[in-house]
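If you want the building blocks of each chain, they are given just below.
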Amino acid sequence: MSDTALLSINSLTKAYPGVVANDSVAFKIQPGEVHALLGENGAGKSTLVKMIYGLVRPDSGSMDFMGAPYAPTEPRAARSTGVAMVFQHFSLFEALNVAENIALGMENPPKPRDLAARITEVSEAYGLPLDPDRLVGDLSAGERQRVEIIRCLLQDPKLLIMDEPTSVLTPQEVEILFHTLRKLSAEGTAILYISHKLEEIRTLCDEATVLRLGKVVGTCDPKTTSAAEMAELMVGKSLATPARTDASHGEVIFKVSGLSVEPANPFGTPLRHIGIELRAGEVLGIGGVAGNGQDELLAALSGETPTAPGAVTLMKEPIGHTGPNERRQMGILCGPEERLGHAAAPDMSLVENALLTARHRKSLDRNGFLDWKATRKYAEDVIETYDVRTPGPDNAARSLSGGNLQKFVIGREIMQDPKVLVVNQPTWGVDASAAADIRQAILNLAQQGAGVIVISQDLDELLEVADNFTALNEGRLSNTRPTNGLTMETIGLMLGGAHDMHDAAEAAHV
Amino acid sequence: MAIDPVTLMAALIVASTPILLAAIGELVVEKAGVLNLGVEGMMIIGAVSGFAIAVQTGSPTLGFLAAAVGGALLALIFGVLTQFFLSNQVATGLALTLFGLGLSSLIGESISGATPPPVARLNIPGLSEMPVLGPILFSHTAMVYFSVALVIAVWAVLKFTHVGLVLRAVGENHDAAHALGYKVIRIRLMAILFGGACAGLGGAFFSMVRVPQWTEGMTAGAGWIALALVVFGSWKPGRVMLGAYLFGGITALQLRLQAAGIAIPVELLAMSPYLITIIVLVIMSSGKSRAALNAPAALGKVFHATG
Chain F
1080 MSDTALLSIN
1090 SLTKAYPGVV
1100 ANDSVAFKIQ
1110 PGEVHALLGE
1120 NGAGKSTLVK
1130 MIYGLVRPDS
1140 GSMDFMGAPY
1150 APTEPRAARS
1160 TGVAMVFQHF
1170 SLFEALNVAE
1180 NIALGMENPP
1190 KPRDLAARIT
1200 EVSEAYGLPL
1210 DPDRLVGDLS
1220 AGERQRVEII
1230 RCLLQDPKLL
1240 IMDEPTSVLT
1250 PQEVEILFHT
1260 LRKLSAEGTA
1270 ILYISHKLEE
1280 IRTLCDEATV
1290 LRLGKVVGTC
1300 DPKTTSAAEM
1310 AELMVGKSLA
1320 TPARTDASHG
1330 EVIFKVSGLS
1340 VEPANPFGTP
1350 LRHIGIELRA
1360 GEVLGIGGVA
1370 GNGQDELLAA
1380 LSGETPTAPG
1390 AVTLMKEPIG
1400 HTGPNERRQM
1410 GILCGPEERL
1420 GHAAAPDMSL
1430 VENALLTARH
1440 RKSLDRNGFL
1450 DWKATRKYAE
1460 DVIETYDVRT
1470 PGPDNAARSL
1480 SGGNLQKFVI
1490 GREIMQDPKV
1500 LVVNQPTWGV
1510 DASAAADIRQ
1520 AILNLAQQGA
1530 GVIVISQDLD
1540 ELLEVADNFT
1550 ALNEGRLSNT
1560 RPTNGLTMET
1570 IGLMLGGAHD
1580 MHDAAEAAHV
Chain E
46 MAIDPVTLMA
56 ALIVASTPIL
66 LAAIGELVVE
76 KAGVLNLGVE
86 GMMIIGAVSG
96 FAIAVQTGSP
106 TLGFLAAAVG
116 GALLALIFGV
126 LTQFFLSNQV
136 ATGLALTLFG
146 LGLSSLIGES
156 ISGATPPPVA
166 RLNIPGLSEM
176 PVLGPILFSH
186 TAMVYFSVAL
196 VIAVWAVLKF
206 THVGLVLRAV
216 GENHDAAHAL
226 GYKVIRIRLM
236 AILFGGACAG
246 LGGAFFSMVR
256 VPQWTEGMTA
266 GAGWIALALV
276 VFGSWKPGRV
286 MLGAYLFGGI
296 TALQLRLQAA
306 GIAIPVELLA
316 MSPYLITIIV
326 LVIMSSGKSR
336 AALNAPAALG
346 KVFHATG
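The listed protein sequences correspond, in order, to chains F and E.
The opening residue of the first sequence carries number 1080 in the working numbering; numbering runs sequentially from there.
The opening residue of the second sequence carries number 46 in the working numbering; numbering runs sequentially from there.
One or more of the hints may lead you astray.
Take a look, some chain E residues computed to stay more than 12 Å from chain F by CB distance [stated by the list, open to error]:
hint : residue
1    : Leu110
2    : Leu178
3    : Leu210
4    : Val211
5    : Pro257
6    : Gly306
FRET-style restraints, in silico, Cβ to Cβ [said to hold, decoys possible]:
hint : chain 1 : residue 1 : chain 2 : residue 2 : range
7    : E       : Leu139    : F       : Arg1136   : 35 to 43 Å
8    : E       : Phe205    : F       : Pro1397   : 52 to 60 Å
9    : F       : Glu1568   : E       : Leu139    : 46 to 54 Å
10   : E       : Leu139    : F       : Ala1424   : 24 to 32 Å
11   : F       : Ala1105   : E       : Leu139    : 52 to 60 Å
12   : F       : Pro1397   : E       : Leu121    : 37 to 45 Å
13   : F       : Arg1468   : E       : Leu139    : 37 to 45 Å
14   : F       : Asp1466   : E       : His349    : 29 to 37 Å
15   : E       : Asp49     : F       : Gly1347   : 22 to 30 Å
16   : E       : Phe205    : F       : His1400   : 37 to 45 Å
Which residues of chain E face chain F? A partial, calculated answer using Cβ under 7 Å [as the list claims (entries may be wrong)]:
hint : residue
17   : Ala214
18   : Glu217
19   : Asn218
20   : Ala224
21   : Leu225
22   : Gly226
23   : Gly294
No lab work stands behind these hints: they were computed from the structure.
No residue lacks a Cβ here, since even glycine has one placed at the ideal position from N, Cα and C.
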């Protein structure tokens, strides 16, 4: 069989100091096959893919491409063999235009005029419209991904690697992407599809290899295997779905009205007439594709961006002009998306990081002097309650894995007993079991009577935790709807900004 | 009393050339995403090494070559420290300036007072004798024309060639460039060396053409002006050249105003180029839209390849 395989991977091993990222990984990809690579964060998917693309050299093991030994020393070699890769992030240049970005990923880029013509030609052939002269910084996430895909397609790859391609797309954009991928696969291009979204893999892929802690723990046919079975393979245990017993809401405690904010940087998104009403005990989910104003919204709610006093009110008290520390004292706590550098100071210890937001509410200082004993106790409490895996509270925030740091950061806020908690992407890059813990903690907090706003791009997450759903699109919020009974199609329209039309159509219908 | 516009224009070009050379080199460095604040140090090293070699050999050409090599060598120290040992670019650049100033004094001790060989001026029969245009355009040293050609070359390379595109890409997002398989550190090192050579040439222009002799600290802040010019020109070669001529013009005019006995304090005139630099920088940075957008996004950030 090995002579027919497009790419066969034979017991590849790669170790980093302290961790074996890939341990004797072996599998085969057939021509024209859509092959899924499944695994939690830290399972070794990225390392494996980097070895195939020539960014990382394996310690031992070998690969064969179309029957010939294949050991790329750099991406250039991989590309000339016929392996192309669409990155999850950081492979585009915002200040350069589409054609320049594509030229950078090609071995022998043609003249700019010919290239522009070819871009238009290929983008039309695969139903991915794209203007070669536009700045990438002005494109949406979906359009940026098209740039990457077209960059790959222009080189006629035999194997296309896609790393978490749908994490930033709307459901409609996902449909378009899948259409393109199926067409490519029908033309004989093999696709290695990396994801942890099981439903997607079930609809798209022919074969799946599951990685756990650097080892292949199984292969399956995703068309016939259930999502729950694959999740168990991936995690190694079955997962409990977060749930709450009581979902009653109280008074409106937190209100935002007519909030408009100009962005702080040139590629930011302005907020326009944002209105939010949050009741005690309610979890409000705000969906939306990245770059539609999520960061700006969080900054306005946390107090990092001051606004008109009346634009934000807590218990009818105008607080729009107050800063983050005052709002913390009043009980509005936040967990921003960027863990290192925004939610936590990377090089400071967990004890110091605990102090940074909990000083007032936990009375961690006396007469202006810091009470390190109480702070340490608080950090230890958070670590214990939220099962943060770390050798101790004196370790630097940077040394924790994404999931563990996120548990610490969210736990640090929740244990301060907030009245209102705002979190942005609470489980981004967090593995499934840690994500389930975090979601459960959010639900528990709401059950105790706090209002929670969850900003997320992960629609499944919002459907799981939120009572009400609203979508953020180009700095505007759609109407709020109860999560119960929302279809993916409605959500897609809300995310795409078509909510007003939809409402109008409904109104006309009534 | 009256100021002769023809000699003023000719003096303007001479005064502008050293900062233009240094600035165009620094522009390339910053386009690659590296902030080298050691321009002043590299200029003064260029000034002293160019001067020393020209005096020794009697050849201005060898002098300029030595200046380029001297500037590049000093830049190499910066490059190795920042690119391989990941030291802080701002601190390293400042240290480079101090080191360059000190080292140049040491080297220059034995040669101060010497007279360098004269640098030939262009002499095209007919053109150079033309009234007005002749002295302004056609009677300079080859270095002046070289600096203009260099600006045009840098502009063309950055805008039209693949090499230029890769350089800009590295300065824009080094992680993405690395992921695509470009050698970020190698590209940046080349840019740093180019910047050092240009600064060295600029420095030698002071000691061999403009003054021409060696005195300690003779670049007198020209390197800082060159750094400011890159921002002033929003990383565009054409605008950097415009800026260089503007500041050169103010320097030349300021000297003539003093000589003409205009009743403005000398100190105020002498500081005017620096004042204008500050004012322009403030105006540029207050409008955060277009000018700020052209800044290389990875400027001054440490690149650490993570495989």
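Hints and how they fare:
1. No Cβ of chain F approaches the Cβ of Leu110 of chain E within 12 Å, the least distance being about 34 Å, so the stated non-interface status holds.
2. Interface exclusion of Leu178 of chain E from chain F stands, the closest Cβ pair being 38 Å apart, more than 12 Å.
3. For Leu210 of chain E, the requirement that its beta carbon stay farther than 12 Å from each beta carbon of chain F is not met, with the minimum near 6 Å.
4. Annotated as non-interface, Val211 of chain E brings its C-beta within 12 Å of a C-beta of chain F; the closest such distance is 7 Å.
5. Remark: the non-interface label on Pro257 of chain E is consistent with the geometry, its nearest Cβ contact in chain F lying 42 Å away (cut-off 12 Å).
6. Listed as outside the interface, Gly306 of chain E is consistent with that label: its C-beta sits roughly 49 Å from the nearest C-beta of chain F, beyond the 12 Å cut-off.
7. Distance hint check for Leu139 of chain E and Arg1136 of chain F: the Cβ-Cβ separation is about 38 Å, which falls inside the suggested range of 35 to 43 Å.
8. For Phe205 of chain E and Pro1397 of chain F, the Cβ-Cβ distance of about 56 Å falls inside the hinted range of 52 to 60 Å, so the restraint holds.
9. Checking the proposed 46 to 54 Å range against Glu1568 of chain F and Leu139 of chain E shows it is violated: the Cβ atoms sit about 59 Å from each other.
10. Between Leu139 of chain E and Ala1424 of chain F the C-beta distance comes to about 26 Å, which sits within the given range of 24 to 32 Å.
11. Here the CB-CB span from Ala1105 of chain F to Leu139 of chain E is close to 53 Å, well matched to the stated 52 to 60 Å.
12. Distance hint check for Pro1397 of chain F and Leu121 of chain E: the Cβ-Cβ separation is about 60 Å, which falls outside the suggested range of 37 to 45 Å.
13. For the pair Arg1468 of chain F and Leu139 of chain E, the beta carbons lie near 42 Å from each other, so the given range of 37 to 45 Å is met.
14. Separated by about 31 Å at the C-beta atoms, Asp1466 of chain F and His349 of chain E satisfy the suggested range of 29 to 37 Å.
15. Hint check: Asp49 of chain E to Gly1347 of chain F, Cβ distance near 53 Å, so the stated range 22 to 30 Å is violated.
16. Taken as a hint, the range 37 to 45 Å is violated for the pair Phe205 of chain E and His1400 of chain F, whose Cβ atoms sit roughly 51 Å apart.
17. Look at Ala214 of chain E: its Cβ gets to within about 5 Å of chain F, closer than 7 Å, so that hint holds up.
18. Checking Glu217 of chain E against chain F: minimum C-beta separation of about 4 Å stays under 7 Å; hint holds.
19. Because the smallest distance between the Cβ of Asn218 of chain E and any Cβ of chain F comes to about 5 Å, under 7 Å, the interface hint for this residue holds.
20. The beta carbon of Ala224 of chain E is positioned within 7 Å of a beta carbon in chain F (closest approach about 5 Å), and the interface hint is therefore held.
21. With a least beta-carbon distance of about 5 Å to chain F, the hint placing Leu225 of chain E at the interface is held under the 7 Å criterion.
22. Of the supplied interface hints, the one on Gly226 of chain E holds, with its beta-carbon coming within about 3 Å of a beta-carbon of chain F, less than 7 Å.
23. For the restraint placing Gly294 of chain E at the interface with chain F, the shortest Cβ-Cβ distance is roughly 32 Å, beyond the 7 Å limit, so the hint is violated.
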